[in-house]
Amino acid sequence: MANPVTSSILQLPKRPWFWAFVASGITFGATYALTEGSGSSELISAALTFATFSAIVGIGQMFVITMGPGNVDLSIPATMTLAGTLSLKFMDGSTALILPGLGIALFVGLAAGMFNYLLIRLLRIPPIIATLSASFLYQSLAIWWNRGLRIKPPEALADFTTGSLAGIPNLTIVGLLIAVASWFILQRSIFGRWLSAVGQNTRAARLSGIPVEAVKAATFIGSAVLASLTGYLLASFSGGAALNMGTEYLLISIAVVVIGGCSIAGGNSNVPGIWGGALLMFLVVSMLNSYGLGAGVRLILTGTIIIAIVAAASGRKGSA
Amino acid sequence: MIGKYRILLPVLSLAVLLAAVFYLQPRAMSYFGLNLLFNLAVPIALATIAQMMIIMVNDIDLSIGTFVSFVACVTATFVNETPLLGAAILLASIMVYAAMGALIHARQLPAIVVTLGMSFVWAGLAVLLLPSPGGASPGWIRTLMTVKPPFVPMAVVACVLIAGFTHILIMRSATGTLLRAVGGNTQAVVRAGWSVIKLKAGAYALAGFFGVLSGMCLVGLTTSADANIALRYTLLSIAGVILGGGEFVGGKVSPVGAVIGALTLSLAGSFLSFMRLSPDWQIGAQGAILILVLAVRLIFARNGSRWKEAKNG
Amino acid sequence: MQLATTAGSSPPAIPLVALLDARMAFGAVRALDGVSLTISPGECVGLIGHNGAGKSTAVNVINGGLTPTGGSVQYTLADGSKGNGAAVARACGIRSVFQELSLCPNLTIEETIRVPHRDLKGFGWRKTARKRIAKALDQVFPGHGIEPGMIVGDLSIAERQMVEIAAGFAEGSIPARLVILDEPTSSLDAAVARQLLDHVRKFCASGGAVIFISHMLGEVFDVATRIDVMKDGKIIDSRPTSDFTQQGLIDAMGHVASTKAEARSQTSREDRIGEEVLNTPEGLSARRGEIVGLAGLAGHGQAEALARYFVSRSAGIHHTKTPEVAFVAGDRGRDGIMPLWSILQNLTLTHLPSLLRRGLVDQKAEDTLAQDWKQKIGIRTENMNNPILSLSGGNQQKVLFARSLASSAPIVVMDDPMRGVDVGTKQEAYDMIRREAEAGRTFLWYSTETDEVVQCDRAFVFRNGQISAELIGEDITEENILAASFEMHEEAS
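Protein chains in written order, with the working numbering: chain P, 1 to 320; chain H, 1 to 313; chain L, 1 to 493.
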């Protein structure tokens, strides 16, 4: 009877990532029109590079948010900072230690993710509180380790993070590989199915025999590992770890998930949308800059976009 | 009986921390010392109270830090120069909070995302007002914040006043009770014929009101403002509510506890400096205290339920 | 206030509430199918009926919570004026005491009274609230030992129920004139329950009215002046209490299961049933190939027993290709359906670990499995990739059956799976369960419908969270189940 209608409504959640890209395109076009094309390749390159950082942490946050209401990882900025600080200090500018340094960064992520999950499990507290209190610890650890020093990354690593291959920044290639891998995990692996099931209905997932606790643990670890990788790359890219380097990524990581069209109610995730959201966030900034509008207008616009998107998304659900 | 002693744990944590500080640095046990210890706690306590209003109705506010920053910017500019316009702006911002609560309830939106969006908006407005640090505190706020009452320093007096006032408002008054009932059992409130959307808007408006107070106090203490002045308050206020015995769902909050939680968090920093430990660990100590208190609370809760089981046979 | 007339004889002229041919439909389900009743001051009406008879719908229509889709509800206020709607019901002094519904666990007892008592405000409201609830507690449950300052969440279940009841009878700006008590004694011990019955009698004698719903027939006989028996959304019998006997009441509620013998002949094959495969601490047991029913009134612990058993037998951390137990949800929205997914994804969920190839889901194998089950149980859809919500309730339920049966689990737990399922689908599901049982699967089957329980090889009847009877084979009859579901002994008197 109402099959076509119902199914098209159910397809709607798949579309929002498309709009994030459309909006990015329009924003780019607007900037392009104003600058009459000058510097547009630099703009694309910068957008791709900076969007990479938001996209990687955004993917991690997306995994967590997919588990449903109340699941948010607030420790992403602190984990980024800690991983960046520790690995750069360890490498101390030595090219030979690039890979061990990466190992250190990823290990930080693994440990942080496990710690987050154990807090949730053992103290039986909501993920928000657990990741919040843990982030205080990570932040402090990073401050203590860093001691205000700014250690330069190994030259080769700095070159890699700022270089590009066939016009595409190396970092973007890394970011895209991660996105493809995440997409594959979500769409094709059993973990992706389980994650979506937990997010849609945790109780039903448990009653279907899904190892809910294992899925939760893996998700928080995954989010922290992606955050630590971003910390490592960002610190290398910007010539050293800074203690506040992660700060803005807390809100951005949640924002790109929402703009990208993932359902905050859980169970529904999409990787392309994260990239769309990340690109949009950067392009809006540069567009407003080139129109001579400051950070204030940009922030207000970002906030308005986020609220408009959730309000619209809930309206769609209401009509279904 | 367990619920009644919810307040004990925060009081205990503060007392232990305070005793440790006094032990390490007996000079802190003076009028001047106490004022120094707790000075910056007043705006944090107010922001924590604001966060508590939202948590009370089972939501969370990720925008309180940027909102307080925004208020600080308004206070340091408009309230200082054109008080009437400044007051109107602050009043309007409280209305925005109420509208946000109504919107969240009416459309059943996730509060975490809406307040996240609002945090960008407040931050943007603050940057527009004060692109670089500046402005000046209105004289009367400065006077109020630096007044030296006899015997007890202003910071302590202010905290006691805040705790007392919000306790009466939330825990004792008929309206406050109804607001807590929304968090405890929304269905019962609906069934008795109350308008939950009005109640939620009210709770959010109260949060806005205390956010405004927090921003004004902050400017009174710092004498100038900038757009990032209170960003840390978002996380601190959540931590303060939880530390003060509040819970995320079910309307279980305690205003006195929240103020004590805020005091504990701001004392943690001073404690470290008296320990001659690097201030690097200040944030870490706040996190550690939070985890510790939550762990102790879990043990209490377990024993409590065992005790209850034993009682009920 | 007028005094009560003798039980059941010509009712007083002005009824508090009058339902005239009230109808209530939820979609295709007719929960109330033309109910007419009046409740007058001084009456205590015992409302009884089996699961799904329409008791709670009737009560919600009477208290104004539901607006009937047909017929009328009319209230007569204390001043003689008439009206309808939820606000008038409140003004009329109609109060409902449902289990745990009106209390806020985070508030103190006096504070929680504030929610329904809208007049409590201003300076000194707390004192008034304390007086009201303390007085009511003293009146209803003398010697209760409950302080109005206690926090609701800290009270025992029995104490909470006492507060809930006392709040229903407490004074207020609008005095209570009709109090609806839904299973008020379910967690009270006999002595306290007797106090309540005494109070109900006193309350009615002074001109109040009460609707009393209970599975303890002794209590109903003890306190009611009139008993209304409901079945299939209708009142099938309404007489003064003295005209009923307990056995007569049970006969009135039930009906003779004529199809039973036939159903049994198909299922009962002793050689099919093997050794014991499960045994829980609360006394549930089942043997290989056996269909074990869980019966009793809804909400008496059957679903909890099943969930406890399932969770104890499946780990939350490891996954396995060979689960020991599989679960078929009855409350599809809460326990079963993944609303964002396709039919296929919903169907294969439990069996998924066995459909992996190199760590990834083998989509071909998944398709094959889905097609297989589509044929086997006849899911009515063109494409298994359609969203699950495009199916009718009955077909959704089939998918949930297939989800469990597709797995290799030797034991299948079913939590009232036929809720809201049409007759045709039910018949197909029965056949499927029988087939699977013959193949050696064991079923634990909680059902609220007696017709289904009588098909089982063995049945456990639950009452107050405990097993009150174990019936085997020919002993599984509607009469025996009803008798074990309702408390027959007059414990409370």
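Hints may contain errors.
[Claimed, not checked] Below are the BS3-like pairs computed for lysine-lysine, each with C-alpha atoms no more than 30 Å apart in a straight line: (1) H/LYS198 with L/LYS364; (2) L/LYS127 with L/LYS82; (3) H/LYS198 with L/LYS131; (4) L/LYS231 with H/LYS198.
[Said to hold, decoys possible] Pulled a few chain L residues facing chain P out of the computed Cβ check, cut under 7 Å: (5) ILE174; (6) SER314; (7) PHE327; (8) LEU340; (9) THR350; (10) LEU360; (11) VAL361; (12) ALA365; (13) VAL421; (14) GLY424; (15) GLU428; (16) MET432.
Simulated from the structure, these hints should not be mistaken for laboratory data. Glycine residues also receive a C-beta, built at the ideal position from the N, C-alpha and C atoms.
Now the hints, each set against the structure:
A C-alpha spacing of about 54 Å is found between H/LYS198 and L/LYS364, which places the hinted pair above 30 Å, so the restraint is violated. Taking the CA atoms of L/LYS127 and L/LYS82, the gap is about 34 Å. The hint is violated against a cut of 30 Å. Distance restraint check for H/LYS198 and L/LYS131: the Cα-Cα separation of roughly 29 Å lies within the 30 Å cut-off, and the hinted pair is therefore satisfied. For the suggested pair L/LYS231 and H/LYS198, the alpha carbons sit about 41 Å apart, so the restraint of at most 30 Å is broken.
Interface restraint check for L/ILE174: the shortest CB-CB distance to chain P comes to about 36 Å, outside 7 Å, so the restraint is violated. Hint status for L/SER314 relative to chain P: holds, with the closest Cβ pair at about 5 Å, below 7 Å. With 7 Å as the threshold, the beta carbon of L/PHE327 comes within range of chain P, its nearest partner Cβ sitting at about 4 Å, so the hint holds. Taken as an interface hint, L/LEU340 checks out: its beta carbon lies about 5 Å from the nearest beta carbon of chain P, inside 7 Å.
At about 5 Å, the closest approach between the beta carbon of L/THR350 and any beta carbon in chain P falls short of 7 Å, and the interface hint on this residue holds. Hint status for L/LEU360 relative to chain P: holds, with the closest Cβ pair at about 5 Å, below 7 Å. A hinted interface residue such as L/VAL361 counts as satisfied when its beta carbon comes closer than 7 Å to some beta carbon of chain P; here the least separation is about 6 Å, so the hint holds. Nearest Cβ of chain P to the Cβ of L/ALA365: about 12 Å, over the 7 Å cut. The hint is violated.
With a cut of 7 Å, the hint placing L/VAL421 at the interface with chain P is violated, because the nearest CB-to-CB distance is about 18 Å. At a threshold of 7 Å, the smallest CB-CB gap from L/GLY424 to chain P is about 18 Å, leaving the interface hint violated. Proximity of L/GLU428 to chain P is violated relative to the hint, the smallest CB-CB distance being about 21 Å (cut-off 7 Å). A distance limit of 7 Å between C-beta atoms decides the matter here; for L/MET432 the minimum to chain P is near 19 Å, and the interface restraint is violated.
Hint check: violations occur at hints 1, 2, 4, 5, 12, 13, 14, 15 and 16; the rest are consistent with the structure.
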